[in-house]
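For the record, the sequence lines run as chains A and B. Counting from 1, one number per residue, gives the positions in the first sequence under UniProt numbering. Counting from 1, one number per residue, gives the positions in the second sequence under UniProt numbering.
Just so you know, the hints here were simulated from the structure itself, not pulled from any lab data. Take these hints with a grain of salt, some might be off.
DMTMM-like, lysine to aspartate or glutamate: derived pairs with alpha carbons at most 25 Å apart [claimed, not checked]:
(1) B:K114 / A:E219
(2) B:K5 / B:D299
(3) A:K162 / B:D257
(4) A:K162 / B:E262
(5) B:K224 / A:D138
(6) B:K224 / B:D257
(7) B:K40 / A:D137
(8) B:K46 / A:E219
(9) B:K377 / A:D160
(10) A:K162 / B:D14
(11) A:K274 / A:E219
(12) A:K81 / B:D37
(13) A:K74 / B:D306
(14) B:K40 / A:E219
(15) A:K202 / A:D160
(16) A:K114 / B:D14
(17) A:K74 / B:E39
(18) B:K46 / A:E135
(19) B:K114 / A:D161
(20) B:K115 / A:D160
(21) B:K40 / A:E136
(22) A:K81 / B:D306
(23) A:K162 / B:D306
Computed spacing ranges between beta-carbons, pair by pair [said to hold, decoys possible]:
(24) B:D14 / A:D160: 22 to 30 Å
(25) B:D390 / A:D88: 53 to 61 Å
(26) A:G148 / B:E151: 36 to 44 Å
(27) A:E219 / B:R10: 34 to 42 Å
(28) A:K74 / B:K60: 34 to 42 Å
(29) B:N194 / A:R200: 20 to 28 Å
A virtual CB, placed ideally from N, CA and C, is assigned to each residue, including glycine.
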Amino acid sequence: MTTRIDTRFAELKTQGRSAFVTYVMAGDPDLTTSLEIVKALPKAGADVIELGIPFTDPMADGPSIQAAGLRALKIGMTLRKTLELVRDFRKDDNVTPLVLMGYYNPIYIYGVDKFLADAKTSGVDGLIIVDLPPEEDDELCIPALKAGLNFIRLATPTTDDKRLPAVLANTSGFVYYVSIAGITGAAAADANAVGEAVARIKRHTKLPICVGFGIRTPEAARAIAEKADGSVVGTALVDALKNSLDAEGRATAKTVNAVAELTAALAQGVKGAKQAAE
Amino acid sequence: MNIAKPNSYRSGPDERGHFGIFGGRFVAETLMPLILDLEKAYTAAKADPAFQGEMDGYLKNYVGRPSPLYFAERLTEHLGGAKIYLKREELNHTGSHKVNNVLGQIMLARRMGKKRIIAETGAGQHGVATATLCARFGLECVVYMGAVDVERQQPNVIRMEMLGATVVPVQSGTRTLKDAMNEALRDWVTNVHNTFYCIGTVAGPHPYPTLVRDFQSIIGNETKAQMQEIEGRLPDSLVACIGGGSNAMGLFHPFLDDSSVEIFGVEAAGHGLTQLHAASIAGGRPGVLHGNRTYLLMDADGQIQDAHSISAGLDYPGIGPEHSWLHEVGRVNYLSATDDEALAAFQLLSRLEGIIPALEPAHAIAKVMELAPKRPKDHLMVVNLSGRGDKDVPQVGDILRGKK
Ligand SMILES: Cc1ncc(COP(=O)(O)O)c(C=O)c1O
């Protein structure tokens, strides 16, 4: 099975370039604007899109992404509408990899088999589900692989060498290294420590390794891009979006551009990186 | 429901923490190594007689156990049916059953060399018990409490602060117990190296539901021995309130294989089951939250719904996974009591027995008021009086004055 994710990382490898991965919340701040934002991301330089599935109780997220989820829920966003958003995005873009990121309960309630079928036909390439460690692989990971979707696992500073093989066993697409023990939006990790961690994980896998949590600026993105196969930015984009809203939390004429401009600046940072780590 | 009856109701969970389809370990990867360590440490402690010996010493001389099994003569007369016994967990140091579990977890934290303890709390009883044992053992203590609960359980907030704990009011989500738990989990993910998460009920990822159940089972074990001594036999029924379900599980578990014993759990029906409530079994269905699969209140999209109960300790949209299983296999009957029923029971017990109960066990008393009159006079009914009402006096006082 080759997904858009595999194809994209293979292309980037021949170009000798690290990937720029963006995270935004589906339905934030409303459906129409959210679709426009997702469409704008590849044009602004995003290589991979992570789209958040809103959830009432995002235990691994900081205040910015919590608030984004609540904005989306407030306008009536659901998992079904998230899949429709992906389908609409795919009408104009059949190459940019798109990964859904969130928590298990909405998927469990939607029904795992129905979800996987609908996700595949909508044009989803992979899943990152924060509260499904390898110990729960039977729930969604194995069925997702069978359905032709990548299951992208998080590795963290607490994942030691003994545990890494279990974490990597059913992982595909790429590995998401969470650079700090903490929640999204927390302090950034030191690029050298990240370099060591990436090297450690690379001893166990040939998959690309993307690094996220705490990257906010083009400089930080560049520093990470020199150490890893990709860098992920979420909270900074969500904050840019929020700062463009009016007092009632509604989109303004500036909203799509605010996200696109920061994406372009960050992508520029990543492209300025020296040859990515091998 | 087509679920095979097990040979024993007491053999769970399996090695992956499952009670039937319930339970499990639905946590972020960052926490996974920590809960595996905790499981290892707990297994070792259980096998170590020195651990139990140390616990027993503190349970007797610090907590004040065993708690009495008291014949509630006037309540029995008033209801005119079953003979009602109260298991007096409200007489424990700190005023509730919560201390039984906290003592066990703090002993474990000490064995694991953890110096910083975090906890979530609803009514503040678990927070107070945690702050108390942290003071006793010189550990740093941070308690997360929903901002709504900080407001309605002020006496406990003051107590925690006097004991040297930091109370963090949680402003996210619905600002009650579920959000306090989210925030505690966020703290734990951030401070993995020195922090022990002391969970207050039989919920969360494996091994917490098991470990908390085991520490609370002293309630049921004592009850069994005390009833044998007083009446020379087993009780006929057990009744306990359910937030996450720890006081209930502690009473029930030792009796699960005694098939003559009827068992009733009482959830909080808030304004009523067709309105805002906190009865996850009556009004919810299986889902995944806070590390385990269990009955939850949620909407069609799997979003967790706001719970409501007059009692902060029951105001939670979930229930421990072992209860979900006991419901599905039909061993325990889950009932519910409304805010108004609990308030009436609160007043009745205060007037008849001179015991002001916490609003949580007032829900159990409310169902005793329905069940006892329908039972014969030689029926022995035990209610878990899980906590005292001091913390609720200002809130109930306001409600009663406002009503009059
Ligand atoms: C006195 C008392 N009883 C019961 C509860 C509910 O918890 P659980 O169902 O775990 O016993 C609480 C929780 O705060 C409590 O304070």
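Checked hints:
1. B:K114 / A:E219: 37 Å, violated
2. B:K5 / B:D299: 31 Å, violated
3. A:K162 / B:D257: Distance ~40 Å between K162 of chain A and D257 of chain B Cα, so the pair is violated.
4. A:K162 / B:E262: 47 Å, violated
5. B:K224 / A:D138: With Cα atoms ~40 Å apart, K224 of chain B and D138 of chain A exceed 25 Å; violated.
6. B:K224 / B:D257: 13 Å, holds
7. B:K40 / A:D137: 22 Å, holds
8. B:K46 / A:E219: 51 Å, violated
9. B:K377 / A:D160: 62 Å, violated
10. A:K162 / B:D14: 23 Å, holds
11. A:K274 / A:E219: With Cα atoms ~12 Å apart, K274 of chain A and E219 of chain A stay inside 25 Å; holds.
12. A:K81 / B:D37: 40 Å, violated
13. A:K74 / B:D306: 14 Å, holds
14. B:K40 / A:E219: 43 Å, violated
15. A:K202 / A:D160: 13 Å, holds
16. A:K114 / B:D14: 29 Å, violated
17. A:K74 / B:E39: 39 Å, violated
18. B:K46 / A:E135: 24 Å, holds
19. B:K114 / A:D161: 23 Å, holds
20. B:K115 / A:D160: 22 Å, holds
21. B:K40 / A:E136: Holds: K40 of chain B and E136 of chain A sit about 19 Å apart, inside 25 Å.
22. A:K81 / B:D306: Given pair K81 of chain A, D306 of chain B holds - Cα atoms ~22 Å apart, limit 25 Å.
23. A:K162 / B:D306: With a Cα-Cα distance of about 41 Å, the restraint between K162 of chain A and D306 of chain B is violated, given a limit of 25 Å.
24. B:D14 / A:D160: 22 to 30 Å: Holds - the Cβ-Cβ distance for D14 of chain B and D160 of chain A, about 26 Å, lies within 22 to 30 Å.
25. B:D390 / A:D88: 53 to 61 Å: 58 Å, holds
26. A:G148 / B:E151: 36 to 44 Å: At roughly 51 Å between Cβ atoms, E151 of chain B and G148 of chain A fall outside 36 to 44 Å, so the hint is violated.
27. A:E219 / B:R10: 34 to 42 Å: Cβ of E219 of chain A to Cβ of R10 of chain B: about 59 Å, so the range 34 to 42 Å is violated.
28. A:K74 / B:K60: 34 to 42 Å: Roughly 53 Å apart at Cβ, these two residues miss the hinted range, so it is violated.
29. B:N194 / A:R200: 20 to 28 Å: 23 Å, holds
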